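J.: Next come the chains, spelled out residue by residue.
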Amino acid sequence: MNLHKYEKIWLIFGIGSLAVFLAVIGFAAFWKGTHPQSHIETIDPQNVEAHEAFKPENLGLREVADGKYTVNIIASAFNYDLGKDENGNRVDTIRVPRGSTVLFQVTTPDVVHGFQIAGTNVNMMVEPGHISRYETVMKNNGEFTIVCNEYCGIGHHLMFGKVEVYD
Amino acid sequence: MVYIFIQLTFFAPRGVEEYPIAEEEEDAEPTPKLLENWVLWIAITIGLILFAYTIPVFEILQHSPPGSPPFDWPIGK
Amino acid sequence: MAFMYVTFTSLLVGGLMGLLQTFVRSGKYTLPFGIDYYTILTVHGVILGLVMTTFFIIGFQFSLMGKTVGLTDKQRKAAWWSFWIMLAGTIMASVMVLTGQASVLYTFYAPLRAHPVFYFGLALVIIGSWIAVFINFRQLYLWRKANKGQKSPLLAYMVTINMIMWVIASLGVAVSVLVLFIPWSLGYTATINVLLSRTLFWYFGHPLVYFWLLPAYMAWYAIIPKIIGGKILSDSLARLAFILLLLFSIPVGFHHQLTEPGIDATWKFIQVVLTFMVVIPTLMTAFSIFATFEATGRKKGYTTLFGWFRKLPWKDVRFLAPFIGMVAFIPGGAGGIINASHQMNALIHNTIWVTGHFHLTAAMTSVLTFFGITYWLVPHLTGRRLTPRLNKLGIIQSLTWTVGMLIMSTAMHIQGLLGGPRRSNFSEYAGGAQVDTWISYQMAQESADRFSSLPSS
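Chains as they are written, first to last, in this note's numbering: chain V, 1 to 167; chain X, 1 to 77; chain D, 1 to 457.
Source of the hints: derived by calculation from the structure; they are not laboratory data. In this text, all values refer to a predicted model and were calculated from it rather than measured experimentally. Be aware that one or more of the hints could be misleading.
No more than 20 Å apart at the CA atoms, straight line, and that leaves these computed lysine to any residue pairs for SDA-like [as the list claims (entries may be wrong)]: (1) D/Lys-231 to X/Pro-30; (2) D/Lys-74 to D/Arg-144; (3) X/Lys-33 to D/Gln-343; (4) V/Lys-32 to D/Gln-343; (5) V/Lys-5 to D/Leu-283.
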């Protein structure tokens, strides 16, 4: 089986760029540690409160160190539980200063949800029985919408939250 | 499209529409026999699948959380 | 032929559903009779994504096999069985979807539970398709026995590759439906392993999209050359491309699950690498097609650099429709590389970018090629002719489809990059500037869809 000369050039060029491309992705993944969210920790979906992070009083934003925050969230149809404020009201916006490192930990007691903070790299599937975690640095200020991007039922499109990054 | 389909099915004039199957060049070089070694290619396919899936599926089963009961109400049933 | 009736009935229904969807999404209309957006979305996905494509492909493949290696009476009878079983399954699933008992979208992710009949319907469709698979295998087997030592006809070879891929891949979804979903939906098992069911689904889900693509490749490699008056460029390269597609179609499902918890990142990466191998047969195909065009043109005596290109049979819809499909696959394929990238995926995962992507690849590349095939296959089967008037109408249809899909898909890609989610009813979310930018693109999709679904209905 003979390859035509031009086809050889074309394929060498194509496979070459493929190799470069994979090398870049591999470099970013294994040297820089940029993996997609792949947290491996299970939880009982019918009893998420049993986990320290998802106790009602631990939900929402907490500063764990200077400039470092953790946000614990329970995603359920059709709502993100971001905890309660001092007055006992539902929190609907997470506010963090610019440049802070934020770890998002999300789980669900019911069906599969999505968790995407539009305009950032935070985009994870949230599945019953698993905890999804992603740490990111909020570099830009502004308002970012948290959307549920996996179909979870008739109220799916009403499931959202907000992250506000201020100076 | 549906209109054209109906036309072609029931109303277009009778005739014979060709079934266009292309032929090879007369002087084409012969195709290697290896390409029709089905056992070989199926074996490689299955090998690749086993390579890519065995360990992760095993891990999924090993670390599986308590299962999920069915949910009916979110889809309005 | 019977397969074709189902194909086009579903096109009509599915197209209408798609149109309704974008109306609702852009926030300008509300559905009557309390019908839910997601019911319609499920109908659109199941009917166009699964029913229309699968029926068309199996019908087309039967006709290819019949032409190249022959179909015995016994096999024809079995083929009818395959057809009726698939149809029964389709009807069962559709009724459940239409009555709102199965608004789970075509991916039916657990633990949302559809009515058990929906899952039984799916199982029947798969079983029916397996009958078709084994008929095709038997056809080739008998031919090879009768023609010892000869290479099998190219098209029969390609159909066989596609069916091998289908049968290996659908084992995954069959296990998932029969072992996990059916007992669970009937209440025999209390719980289901969500991640396992999703993994099995995507083990099948990616080969499924290649199952739509390979018949288009068949037409590009072995039918288009005839239509433009040329010859197959290289039989062996065509076969090699199909082999590579078989090898790298299945062990790649994790690239649909990149952002999921519970799967080790290293294995995700390994499957990403395997996914990218598909670039090689795709580039081979692109080369072959354009080399065929040029070789044919040169043989007819066009010597200038691009003279052969202008002289392609642009006025023949049997050529034009698939050609547009090929061109659409250039941005479609490039978008696919972005989707499957380990890191970039996080930017677009489950945004409407993905919807834009598969409207380019499935609705343009595959479906336009299928339309191109329909224009000669249907009259061939019914013993009629594609008249010049119908040819012209076909060209108008192809162009309108193209313009509509282009506007819609481009808007979807942009909106997706800005973070707009896929499969969502109209929502202003919390309002705010970010969401406002999404809505204008939503409007563009609506108008495009209204425009492009005209020729389809």
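J.: Each hint needs a verdict: does it hold in this structure or not?
T.: Against the structure, the hints:
1. D/Lys-231 to X/Pro-30: holds, 15 Å
2. D/Lys-74 to D/Arg-144: Distance of about 18 Å is within 20 Å: holds.
3. X/Lys-33 to D/Gln-343: violated, 41 Å
4. V/Lys-32 to D/Gln-343: holds, 11 Å
5. V/Lys-5 to D/Leu-283: holds, 15 Å
Hint 3 alone, counting from the list given before, is not met by this structure.
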